[in-house]
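So you can see what is in the structure, the chains are spelled out below.
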Amino acid sequence: MHIQDGVLSPVVCAATGAISLGAVGYSVHRLKQSVGDRTIPLTGMMAALVFAGQMVNFPIGAPVSGHLLGGVLAATVVGPWAGCVAMTLVLFVQWALFSDGGLFALGANVLHMAVIGSWGGHAVRLFVQRFIGDSRKGIVVGSVVAAWASVMAAAALFCLEFRLSWPPSEIDFSKVFTLMVSFHSLIGLGEALITGVAISFVLNQRPELISGSRRLSRGSSVETITRTLVAGLVIALTIAAFLSPFASNDADGLEAVLAMLNIDLNFTGSVPGLLEDYDKVPVPFAAWQSIAVSFAGIGGTLAVFVLAWLLGKALPAAPPSLSEAAGE
Amino acid sequence: MTDSKVTPASVAVRVERLSFRYPGGPDVLTDISFTIAPGEIIGLVGPSGAGKSTLLQHLNGLLPSKLSDTSTNVISIDGVPVSQPTISEVRRRVGFLFQDPDDQLFCPTVFEDVAFGPLNLGLTNDDARQRVCDSLASVGLAGYEPRSTLRLSLGERKRVCLAGVFACQPSVLALDEPFSSLDPRARRTLIGILKQFSGSQIIATHDLDVVVDLCHRVLLLDGGQLRAAGPTADILGNAALMERHGLEVPWRLRR
Amino acid sequence: MCHRWPPFAKLFAAIAMILAATCVPITHGPLVGIVACVIFFAHTLARIPLAYVGRRLLFFWPTLFLMAISLPLSQAGQKGWLLFVTILVRGTLSFSTALWLVNVMPFDQLLATLRRLRVPDVLLAILSLMYRFLFVLWDELDRMRIARSARLFRKPSLWETWRSAAHLVGRLLIRALDRADRIHGAMLSRGWDGRSRWIEQLREDRP
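Residue numbers (my numbering), protein chains in the order written: chain A, 71 to 398; chain B, 5 to 259; chain C, 820 to 1026.
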C-alpha cells in the first residue's frame, strides 16, 4: 500500500501533500478543541496500536500475506480526528524508522490511508449506521463496509494520481487500473474482515471502549452535511474503482451507470483515458481482465456484504455487564 | 503552612468512611476509614481484587473519575481535602508509583521523564534540571539522564519512576505493588531507597516479608472492606486472621 | 562523520537528494549518475555498510517492481519500459537516501528538529508517546503470539488463522486502550493539565 518516492510525479506529490496538510491540520485543530486532556495518551496509544497491529500478518496464499491498515479501526475507536492524526503519525514513523513509503509521497500516503481511511471510513460507517441503527450490529456492519470502501477509494485515487503523474498519451491506464483495483479488492476484503472481527471482539469484551465514537455521531447540521459529502465522495470513488475496468470494454455502460446513479464524478473531464477506446492495445491481460472485473465488481461486493451480515449476526443480543470490565 | 492549623499536624493522610463503586457495578470499597501519621510507613495487604489499587488511586484523586467540586472531606492529605479545586495541590503532595513502570515512563528519555513533574509544577528550566539531577541521585541513578527509557532493566525503570515521583517533592508516597517481578537485588535496592524517604508511605503489596521489614503499621483489605489495622507484627503474625483472608504469615514472624 | 552534522543539515541534505533523485529526467544519464554518486558518497561518509543497504533493497525492490511493472505490461513498445526504468531508478535512489537519513538521524533528534520547525506541540506529544509505547506493544504482541502458538496443536484452517489474528489485534487494542487510561492517570499524578510544556525546550537547554 505504501507508495514510494519516484512513483508519482513531483507535481502530484505536491498537490496531494497540500491536501493532506490541510486535512491533517484541520484534524489537529479539532483534536485540540474536542476532548479533554485524555486525548493525547489515547491518540498516542492508538497510533502505537495501529503500528503494532500492522505487524500481524494474515496469510492469503503461500508467499503473500496481508495486514491491517487500520484507518477505519482507529476512527471507530477514537473518532475521525484523532484517527486521522494517529494514522498520519503511523505513516510518518514508518518512513522515519524503516523508510517505508517515500518522503514526498507521504502526502499521497496520508491522503489514502489517514484521510480516506479515517475521515472517509468514519463518514461511510455513520452513513451505513443511519440505515441499520446505532446498535452494535450497526457499528460492525458499518465498519466492515467502511473498511472495504476506504481501501477501494484509496485504490481509485491512487490510479487517478498515477494517471496524472505520467504523460497520458503514452500509457494505457485502463490495464493499470484493472490490476490495481482487483488487487485492492482483495486487500480491502482483508481489511474489512480484520476490522470487523477486531471491532466485534472489542464490542463483545469491552463495549464501553467503543461507545465513545457513537456520541460523536450527533453533530451540528454543518457537520452532518460535511460528513454526507465525505461519505458520498468515498462511495463515488469506490464505484469509480469498480467501473474503471469496465471502461475499457463498454464505455457507454459506464456512462449509463453514472447517469443512472446520478453521480457526477468529474472524472470524465480530467481522465479521458477512462472512457477511451482500447481495442487497439495488444493484451496479455484480455482474459484476465474480465475475471478481475467480475471479482472486483461482483464478488468483492457480495463478499463484503456477506461478511458484514455474518459478523453482525454473530453479535449476542445482550451486552456483557460493565462490572467485569471495571475490575480492580 | 496554613493548612496545618486546620488539622492536627500528626495526620498526613485522613480517610473517612470512603465507599466506591464503578457505575453499574458492585461495591469495590465499603466504608473505609484510617489515618496515616507523617513519616509513617503503612503496608496495605490483602488478596488480589481486594481493592488495594482502587484505594490508592483515591488518595490522589485519580478515582472517582469525576471529583465533586465541594470538598466532602472524605479524604484529606496534610489537611487538604481531595476535591476538584484542590486537585493539583493534592497531586503535588501525593507521589504515586504505578505497578507497571511502563505506564509511568511515557517520555523517550530518562531526563524528559523525570523533568515532566517539575515542569508541570511551574519550575524554571534551571530548577527543573537541578531537581532531575538530585532525584536521580537519590535513587542511585545519577548520570542516567540521556538514557532511553526503552533500554532499562525493570529495576532501573522502577527507580526512574520513583525519581520522577521524588522530583515533585511529595509528602506522601502511594506505591502500587512496587516489588512485583523484581529480582532480589533490585528489590533490596528499592527497599533501601524507600527507607530513606522522609515522608509518609502507603505500600500496597503481596510481598509480606518487605512489609515486616519496612512498615510500621498494616491495613488488611479484603472484599473492599478494611478487615484489620494495627502494628505490623500483630496483624501479620495472627495466623487465624491471615488464613481467613487468603494470606500467609511471613517466614520472619513464624515461630 | 555525517552523524555529527547539525540535524537541520542532515534533514535538508536528505530532502535535496530525494528531490534531485525524483526530478532528474532518466534520459540524462550523466545527471542521474551524479545524483547516484552523491548518494553513494553520503553512505560511505556515514559508514553505512553496503551489505545492509543491499539487504534492505532486496526487500524493497519487489514492491516497487510490482507497482512499476504494470506500466510496460499494459503497453506496446518502448515507452512503457522507459517509464518502468524511470520509476525503478527514482525509487531506488530516494529509498537509499531515506535509508541514509534513518541511519544518521536518531529518532529523538528528528523529534527535536520537528519541534524547532514549529510542528504543533499536540502532534509532537502524541508522536513521542507513540514512539515510546510502540516497542512496549510489540513486546506484548510477541508474548501473545507465543502464547497462542503454544496452545496450537494442529494446523489451523485459513479462517481460523484470520480470526485468531484479528482477535489478536482486538485484544491488543483493548490492552492498549487500558494502558492509555493508566498513562493518563500517571500523567495527571505528576501534575499534568493537558498542556504539553513537557515537550518544550528540554533537549536544547540540556547542558
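Hints were generated in silico from the structure; no laboratory data involved. Values in this document were obtained by computation on a predicted structure and should not be read as measured data. We treat Cβ as the ideally placed atom computed from N, Cα and C, and that holds for glycine. Mixed in with the good hints, there may be bad ones.
[Claimed, not checked] Going by beta-carbon spacing under 7 Å, a handful of chain B positions derived as facing chain C:
1) Leu66
2) Val78
3) Gln108
4) Phe110
5) Gly121
6) Asp226
[Said to hold, decoys possible] Ranges between beta-carbon positions, derived for each pair:
7) C:Asp997 / A:Phe253: 34 to 42 Å
8) C:Lys974 / B:Ala237: 53 to 61 Å
9) C:His822 / B:Ala237: 53 to 61 Å
10) B:Arg25 / C:Arg962: 26 to 34 Å
11) A:Leu380 / B:Asp31: 39 to 47 Å
12) A:Phe375 / C:Ile853: 49 to 57 Å
13) B:Pro235 / C:Phe954: 40 to 48 Å
14) C:Phe954 / A:Lys383: 33 to 41 Å
15) A:Gly302 / C:His847: 39 to 47 Å
These are the hints, each one checked on the structure:
Given the 7 Å rule on beta carbons, the hint for Leu66 (chain B) holds: about 5 Å separates it from the nearest Cβ of chain C. The restraint placing Val78 (chain B) at the interface with chain C is violated, with a minimum CB-CB distance near 19 Å, outside the 7 Å limit. The criterion of a C-beta within 7 Å of any C-beta in chain C is met by Gln108 (chain B), whose closest approach is roughly 4 Å, and the hint holds. With a least beta-carbon distance of about 5 Å to chain C, the hint placing Phe110 (chain B) at the interface is held under the 7 Å criterion.
With a least beta-carbon distance of about 4 Å to chain C, the hint placing Gly121 (chain B) at the interface is held under the 7 Å criterion. Against a cut-off of 7 Å between C-beta atoms, the interface hint on Asp226 (chain B) is violated, since the closest Cβ of chain C lies about 24 Å away. Judged by the Cβ atoms, the range 34 to 42 Å given for Asp997 (chain C) and Phe253 (chain A) holds: they are separated by roughly 37 Å. In this structure, Lys974 (chain C) and Ala237 (chain B) meet the distance hint of 53 to 61 Å, their C-beta atoms being roughly 58 Å apart.
For His822 (chain C) and Ala237 (chain B), the Cβ-Cβ distance of about 59 Å falls inside the hinted range of 53 to 61 Å, so the restraint holds. Restraint check, Arg25 (chain B) to Arg962 (chain C): a C-beta distance of roughly 33 Å satisfies the suggested window 26 to 34 Å. At about 40 Å, the beta-carbon gap between Leu380 (chain A) and Asp31 (chain B) stays in the expected band of 39 to 47 Å. Restraint check, Phe375 (chain A) to Ile853 (chain C): a C-beta distance of roughly 55 Å satisfies the suggested window 49 to 57 Å.
Range check, Pro235 (chain B) to Phe954 (chain C): Cβ separation about 44 Å, and the 40 to 48 Å hint holds. The given range of 33 to 41 Å is respected by Phe954 (chain C) and Lys383 (chain A), whose C-beta atoms sit roughly 38 Å from each other. In this structure the supplied range 39 to 47 Å holds for Gly302 (chain A) paired with His847 (chain C), their Cβ-Cβ distance being about 45 Å.
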